[in-house]
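Number of protein chains: 4
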Amino acid sequence: MNYRPVIDDLYRKLKMADNPGRLATYIPELANVDPEKFGIHITDVNGNSYGTGDCLEKFSIQSIAKVLSLCLTYKLKGEDIWSRLGYEPSGTAFNSLVQLESDRGIPKNPLINAGALVICDILISILNNPGEEFLEFVREVSGIPSINYSERIAGSEKSAGYLNTALCNFIKSFGNIENDTEEVLDFYFNTCSIEISCKELSQTFLFLANGGRKAGDGKQMLTLSQVKRINAIMQTCGFYDESGDFAFRVGLPGKSGIGGGIIAIHPGKYSIAVWSPRLNKKGNSYLAVEFLEQFTTRTQLSIF
Amino acid sequence: MNYRPVIDDLYRKLKMADNPGRLATYIPELANVDPEKFGIHITDVNGNSYGTGDCLEKFSIQSIAKVLSLCLTYKLKGEDIWSRLGYEPSGTAFNSLVQLESDRGIPKNPLINAGALVICDILISILNNPGEEFLEFVREVSGIPSINYSERIAGSEKSAGYLNTALCNFIKSFGNIENDTEEVLDFYFNTCSIEISCKELSQTFLFLANGGRKAGDGKQMLTLSQVKRINAIMQTCGFYDESGDFAFRVGLPGKSGIGGGIIAIHPGKYSIAVWSPRLNKKGNSYLAVEFLEQFTTRTQLSIF
Amino acid sequence: MNYRPVIDDLYRKLKMADNPGRLATYIPELANVDPEKFGIHITDVNGNSYGTGDCLEKFSIQSIAKVLSLCLTYKLKGEDIWSRLGYEPSGTAFNSLVQLESDRGIPKNPLINAGALVICDILISILNNPGEEFLEFVREVSGIPSINYSERIAGSEKSAGYLNTALCNFIKSFGNIENDTEEVLDFYFNTCSIEISCKELSQTFLFLANGGRKAGDGKQMLTLSQVKRINAIMQTCGFYDESGDFAFRVGLPGKSGIGGGIIAIHPGKYSIAVWSPRLNKKGNSYLAVEFLEQFTTRTQLSIF
Amino acid sequence: MNYRPVIDDLYRKLKMADNPGRLATYIPELANVDPEKFGIHITDVNGNSYGTGDCLEKFSIQSIAKVLSLCLTYKLKGEDIWSRLGYEPSGTAFNSLVQLESDRGIPKNPLINAGALVICDILISILNNPGEEFLEFVREVSGIPSINYSERIAGSEKSAGYLNTALCNFIKSFGNIENDTEEVLDFYFNTCSIEISCKELSQTFLFLANGGRKAGDGKQMLTLSQVKRINAIMQTCGFYDESGDFAFRVGLPGKSGIGGGIIAIHPGKYSIAVWSPRLNKKGNSYLAVEFLEQFTTRTQLSIF
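Chains as they are written, first to last, in our numbering: chain A, 1 to 304; chain B, 305 to 608; chain C, 609 to 912; chain D, 913 to 1216.
Bound-form chain A, shown alone (with noise of 0.2 Å):
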């Protein structure tokens, strides 16, 4: 399927319609950013890409990271991993201390806050050099070797960490946190800090719509029950307490970031990420929201 008319009519229609979000502002070098700047880009399994608007501006990736270091120790520890957190929507927003507490130290799923912050805790204990060789897997996954931290990104986030540190050390409280607490910040603020544009973002991702399969060559990076899995946790987990929403709205398993960043997934047709810093009240990208839901209505494709 040419999905390049559908994208062109819909970022034309969409770029000039009011858009009521607004710039997280409590990373100061995230309020910095251009909140005009909107990009999208697709590429499916059969090696098409199709690109528009500012989809070769680098941006940055934030919680969608959560996906990609959930990818890496899932790879490695397989399922030995879910004695540590869960997998079910939490119901509550993404920075949420409340359900820590009655769950003893266990997150419920690896895309709040909460649950990547133990995933790191895991990378820490079995990697030698933790932030070196998840790059090395973004890296490879993604087939990009210049992906790259930003340390202007990272010192931002944890001069205003207050939350991030608290979360760790609540649920270090609990013994959920093997590490030292000031590593796996610094280790979690690292993953969030990368930057990358559209057209790597949907690259890096195709492997999620590919049965595990990596864009360029087909390396299998994760097996194919892994990925159905990880797509089935994007679906459920994926937007803090609006995963339900893009469920009903999109019908796509996706993630979000407060770069204003969201990547979708097609299982077995594409992956397509749409860019666009000005979010709504839940802390997701508003027009990425609506151009998405958009998108699978028009295209009347989506996995449900």
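Please note that the accuracy of each hint is not assured.
To give an idea of the chain D side of the interface with chain A (calculated C-beta under 8 Å), a few residues [claimed, not checked]: (1) VAL1010; (2) GLU1013; (3) SER1071; (4) TYR1074; (5) LEU1075; (6) ASN1081; (7) PHE1082; (8) GLY1123.
None of these hints come from the bench; they were simulated from the model.
These figures come from a predicted structure and were not determined experimentally.
C-beta: ideal position from N, C-alpha, C; glycine also.
Given the structure of chain A, go ahead and fit chains B, C and D onto it with the hints provided.
This is chains B, C and D only, laid out in the frame that chain A set:
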């Protein structure tokens, strides 16, 4: 695809396996069911159908009815219904009142008891004879005119229905129930009391696998968009606080009932009904979930 | 000590002051009360008594009755009652259901609605004619044979009693209500419907200031230990989630009702009743709390 | 009144009784204390004083220090402090984070950890050398210049302080901590590390029984109104989610620490300190609560 060999093989294997599940006891009549019952029936969009075990024996549909009352309401009122309830996973048990307190009487979704009570209230407000007309709808969508309520089950449920009475009055205290609470509860208990076999159940739900066209004459029951959205809601909310687990293990939208039945939908392919009365701790049929996990693993087909 | 000058002075001053409070509206009959009513009456352990303003006019006792039903139950059953409910401040509003879910149907204390319903249930189980016998107890402790229920108020409360119906059924679902919920609710609404003047109210509660000996003949109604414990419960739980505030500002055990009345006890010294129907946001009489704060400040007498 | 016979008698009796309590273990140094220690000391407003058992041995004051830091802050800032925290019982455990999420970083009261951290933050903002000046205040109010911090205990607490670190960062994320979280935590751990004997403790707190006038020279440390309010806060909030229980059983304002100490105040009469390191499930000294319950029962004196 011929599902018969996989179904037969899994049926034989699981029939023998240990089952740690337990019969639901809080509705007296349900405690009388033979806990060893086990039936499976699949119906595909091409009209093929296959069943095994106790697939022709009727059981109590219970919460699976929530999807049918949602369908009728959605058909009659469209998107207006979402001012009265949401479509987010609740993160809590099927009968939790906690969420209603913070959300001022707006249930999280239509597949928990609170939401289904609001759906029943909406139907009472728009139908002349809700009990009759709901039954007609189920008979039409299934093509089975003999489907009926069980007065015995409905009466049994009512006699022990303190929690549902609490829920209904609690929602009414926030003004989100328009009709008399007794009337809403009676109608709700009736919908749950429908008795149906696996064969009938998979036939009834085929329209959700078939873009809204019902089994037999292919009549369009809901729009394609409505069908996709109902499937999305089943995926994120169909199994209470085990919805993430069902997505992770099985990878299909579905709905369970405490009668031990589960319906699952593979959009574009089939609907499958499994029945085994022993429930796990979350109130979902232990064996039916096991079967469906192994079924989608063997066929390597899920929506993810 | 002659309290008359302080009372008169404060009455005049506060009668003029702005009152941001609002009439309770959810019980229809209470919305008809003149919001400007303001009465005060004090009775001391030496038999002196003094009142001003509308201190002879009857008003609806509402939740103040919870202390009286607790007294009767405590007298009849002793410490056994504490297996059915606690004596801890709830930290939540008077009608909250949340706490009951985590505590499996055991109310935090007898002065919130949930706890008072359990107290009513206990009385129904041990009395032949709970309605009559409770009224007799109130008449005896007060020495006022004309005190009576208001059918009008009880009926009005019942007609709007969705939240209390929810609470009672919710507790019953955990097995902590033994009797029929309708019967428990009817009895509860009756206890709340008692009409009483400030003068009668301060006389009724004098026994709690007087080591258990009632006004008039000094008959011992409860043991000294029971009286101290009921005063302690009033201190920590008497004003819902504003109990800390009343202790902080007034420094006396007491109990409020949404009819606008407050009774406060100075053990060994006096009981004082204040009535003004406008309530603050927590459901306690704005003016009555103001009066009592200034009264204990002026007299420099509180229990602390 | 001569309290000596009652104290001696109860000491002998309870020294023999079974004690199901357990030593606090989460601060490593506290786990080394002899669990059989048992000391009592009373000081009355007339200058009489009497002690028994291990009443001259120093123990770790822990959370009892929260009252002293509150006193100093209240003295210096007056009612302004209540914009930063409340004075309501929390209804939850001493270290709960849940409440802070719904209350946006405003602790319920100054006697739970969250509130004490805010109090420490306020002191850091207004004092040049908070560590020194707080110690001076404690020395002055007690008249005991040798009272000091324990570096050993403070260090031990810091090494295991994940939960307090979580709390402090969580409050800071809402903007209700002004200073560096490390500095606030260090000061907080120091205040908790003060070592003191029962004799010294009852002498230190005498001013709260004596209208603000300290032991010895009778110097006014706080206004009468402030003293009454601090006693009220101790009454409703001094024992975490067991505050109602202490009011019910003992009937005096007080405060416990996980070092096993409890201070209780009878306004106008005496202050009494009891120490026994074995704690009940709520974190309060089992034996000290038992002693105080029997003490106020025998003397028939409580504030209620």
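Hint check:
| no. | hint | result |
| --- | --- | --- |
| 1 | VAL1010 | 5 Å, holds |
| 2 | GLU1013 | 5 Å, holds |
| 3 | SER1071 | 12 Å, violated |
| 4 | TYR1074 | 4 Å, holds |
| 5 | LEU1075 | 4 Å, holds |
| 6 | ASN1081 | 4 Å, holds |
| 7 | PHE1082 | 4 Å, holds |
| 8 | GLY1123 | 40 Å, violated |
Violated hints, listed in ascending order, are 3, 8; each of the other numbered hints is respected by the structure.
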